[in-house]
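S.K.: Each chain, written out:
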Amino acid sequence: MFLRRLARPVMMMAKVKETTGIVGLEVVPNAREVLINLYSKTLKEIQKVPEDEGYRKAVESFTSQRLKVCQEEEDWEMIEKRLGCGQVEELIEEAQDELKLIDKMIEWDPWGIPDDYECEVIENDAPVPKHVPLHRPGPLPEEFYKTLEAVHSGTLKDAISSSKKDEPAISSS
Amino acid sequence: MDNQFIFKYSWETLPKKWVKKMERSEHGNRSDTNTDYPFQLLCFLKLHTYTRVQVSIDICGVDHPSRKRRFEVVYNLLSTRYNSRIRVQTSADEVTRISPVVSLFPSAGRWEREVWDMFGVSSINHPDLRRISTDYGFEGHPLRKDLPLSGYVEVRYDDPEKRVVSKPIEMTQEFRYFDSASPWEQRSDG
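Residue numbers (UniProt numbering), protein chains in the order written: chain P, 1 to 173; chain B, 1 to 190.
Hints listed in this document are in silico derivations from the structure and should not be mistaken for laboratory results. If you're wondering where the values come from, they're calculated on a predicted model, not measured in any experiment. Just so you know, not all the hints are guaranteed correct.
[Stated by the list, open to error] Once the Cα atoms are required to be at most 25 angstroms apart in a straight line, the calculated DSS-like pairs of lysine-lysine come out as:
id: 1; chain 1: P; residue 1: Lys146; chain 2: P; residue 2: Lys41
id: 2; chain 1: P; residue 1: Lys104; chain 2: B; residue 2: Lys8
id: 3; chain 1: B; residue 1: Lys21; chain 2: P; residue 2: Lys104
id: 4; chain 1: P; residue 1: Lys48; chain 2: P; residue 2: Lys17
id: 5; chain 1: B; residue 1: Lys145; chain 2: P; residue 2: Lys100
id: 6; chain 1: P; residue 1: Lys146; chain 2: P; residue 2: Lys130
id: 7; chain 1: P; residue 1: Lys48; chain 2: P; residue 2: Lys146
id: 8; chain 1: P; residue 1: Lys41; chain 2: P; residue 2: Lys100
id: 9; chain 1: P; residue 1: Lys130; chain 2: P; residue 2: Lys68
id: 10; chain 1: P; residue 1: Lys104; chain 2: B; residue 2: Lys16
id: 11; chain 1: P; residue 1: Lys48; chain 2: B; residue 2: Lys16
id: 12; chain 1: B; residue 1: Lys21; chain 2: P; residue 2: Lys44
id: 13; chain 1: P; residue 1: Lys68; chain 2: B; residue 2: Lys17
id: 14; chain 1: P; residue 1: Lys104; chain 2: P; residue 2: Lys15
id: 15; chain 1: P; residue 1: Lys104; chain 2: B; residue 2: Lys167
id: 16; chain 1: B; residue 1: Lys68; chain 2: P; residue 2: Lys104
id: 17; chain 1: B; residue 1: Lys68; chain 2: B; residue 2: Lys8
id: 18; chain 1: P; residue 1: Lys48; chain 2: B; residue 2: Lys17
id: 19; chain 1: P; residue 1: Lys130; chain 2: P; residue 2: Lys48
id: 20; chain 1: B; residue 1: Lys68; chain 2: P; residue 2: Lys100
id: 21; chain 1: B; residue 1: Lys16; chain 2: P; residue 2: Lys146
id: 22; chain 1: B; residue 1: Lys68; chain 2: P; residue 2: Lys146
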C-alpha cells in the first residue's frame with residue numbers, strides 16, 4: 001500500500017483544487033484570469049461615479065490592490081494566502097456583486113449632498129452590563145484597513161504608501 | 001471592535017443622501033433612513049464587498065403614537081462574511097408604503113407580511129401580502145398602541161348554530177379589578 005503511494009508521481013507546482021468546501025460554490029479552474037478580468041472591468045466602471053465620493057475611493061483602493069496581487073501571483077493558493085480574504089471563488093462572487101452594485105448605483109444616482117442635509121450622529125458609549133456577552137468578531141483582512149484609510153484621507157497613493165493600522169487586540173472572552 | 005470598523009466604513013462609503021441618523025454603540029449599530037431609500041440601502045449593504053450582509057434576521061415595526069410618522073420599520077441584518085450586525089430603520093405613517101425587499105432577501109417575505117398584519121404598513125408591489133398571524137376576518141392591526149390588549153371581539157362556540165361565532169367582548173368586572181396589595185410580602189411598588 002505504501003509502495004504504491006510512493007510510486008505515484010510527485011505533485012505539480014499548481015495543485016488542482018478539488019472542492020471549495022462550500023455547498024453550491026463550484027471550483028473555477030481559471031480563477032486568476034476571471035478575477036483579473038472582473039477587477040479591470042470594475043476599475044473601468046467605477047470611473048462613471050463622481051470623483052470625491054467615499055464609495056469610489058473605497059472601490060478603487062481595494063480593487064486595484066487585489067488586481068495587483070492577482071497579477072503578481074500565478075498560483076490561486078498564493079493569491080488566497082496573500083489577500084487573506086477567503087477562497088478565490090468567493091472573491092469572484094464578491095467581484096461580480098460589486099459590478100452589479102456599481103450598475104445599480106449609476107442607475108439610482110444618489111451622489112451629492114443636498115444643501116439642507118443634516119445627519120444626527122449618536123455615539124452611544126453606554127457600558128454594557130458585565131453579564132451580557134459582547135460580540136467579538138474575528139480580525140478583518142489587512143486591506144480593509146488600507147481601504148478605510150483611503151476613504152478617510154482622500155487619495156489612493158496615500159493609502160498605499162502610509163503604514164497600515166495596527167490590528168486591534170481581540171480579547172478572548 | 002471590528003464591528004465598529006465595518007460600521008464606520010459603511011458610514012463613509014454610503015451616499016449621504018440615504019442616511020438620516022446613525023448611532024454607533026455596543027448595544028447595536030443602527031442607521032436611520034428615509035422612506036424612499038431602504039431598498040437601495042439594503043441592496044448596497046448586500047452587494048458591496050466590504051459589507052456583505054446576506055442575511056436578514058428580522059423586520060419588525062415599532063409604534064410611537066406621539067410622533068407624526070408613527071411607525072418605525074426596523075431591519076435587522078447580519079453579515080456572515082464579516083460577522084457583524086447592523087440595523088436599518090425607516091419611519092412611516094399609516095398610509096406610507098414601503099418598497100419590499102423580498103427580491104434581495106427571500107426570507108423577508110414573512111417579515112413584511114407580519115409588519116403589514118400587525119401594524120398596517122403595506123408594501124408596493126409586494127408579491128404576496130396577506131395576513132399571517134391574525135385570525136381570518138380580523139379587523140384592525142393588533143400591535144398598534146390604540147388597539148386594547150384584549151381586543152374588541154371574543155369568540156365562542158355557539159351550539160344552536162353549530163359554529164364558532166365572534167361577539168363583542170364582554171369583560172367581567174373581576175377582570176378589571178386591580179388589587180394594589182400584592183399577595184407577596186409588602187412591596188413598595190405593588
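S.K.: The structure should be examined with respect to each hint, and the outcome stated for every one.
M.R.: Quick rundown of the hints versus the structure:
1. P:Lys146 x P:Lys41: Given that 25 angstroms is the threshold and the Cα spacing comes to 22 angstroms, the pair holds.
2. P:Lys104 x B:Lys8: holds (23 angstroms)
3. B:Lys21 x P:Lys104: holds (23 angstroms)
4. P:Lys48 x P:Lys17: Not OK: lysine 48 of chain P and lysine 17 of chain P at ~37 angstroms, beyond 25 angstroms, violated.
5. B:Lys145 x P:Lys100: Outside the cut-off at roughly 41 angstroms; violated.
6. P:Lys146 x P:Lys130: violated (33 angstroms)
7. P:Lys48 x P:Lys146: Measuring from Cα to Cα gives roughly 23 angstroms; hence the hint holds.
8. P:Lys41 x P:Lys100: Within the cut-off at roughly 11 angstroms; holds.
9. P:Lys130 x P:Lys68: Violated: lysine 130 of chain P and lysine 68 of chain P sit about 45 angstroms apart, past 25 angstroms.
10. P:Lys104 x B:Lys16: Judged against 25 angstroms, a Cα distance of about 16 angstroms means the pair holds.
11. P:Lys48 x B:Lys16: Roughly 18 angstroms between the alpha carbons, so the hint for lysine 48 of chain P and lysine 16 of chain B holds.
12. B:Lys21 x P:Lys44: Not satisfied, since the Cα-Cα distance of roughly 33 angstroms exceeds 25 angstroms.
13. P:Lys68 x B:Lys17: violated (33 angstroms)
14. P:Lys104 x P:Lys15: Violated - the C-alpha atoms of lysine 15 of chain P and lysine 104 of chain P are around 38 angstroms apart, more than 25 angstroms.
15. P:Lys104 x B:Lys167: violated (52 angstroms)
16. B:Lys68 x P:Lys104: Answer violated: lysine 68 of chain B to lysine 104 of chain P is near 32 angstroms, above 25 angstroms.
17. B:Lys68 x B:Lys8: violated (30 angstroms)
18. P:Lys48 x B:Lys17: holds (18 angstroms)
19. P:Lys130 x P:Lys48: violated (49 angstroms)
20. B:Lys68 x P:Lys100: With Cα atoms ~37 angstroms apart, lysine 68 of chain B and lysine 100 of chain P exceed 25 angstroms; violated.
21. B:Lys16 x P:Lys146: holds (22 angstroms)
22. B:Lys68 x P:Lys146: violated (43 angstroms)
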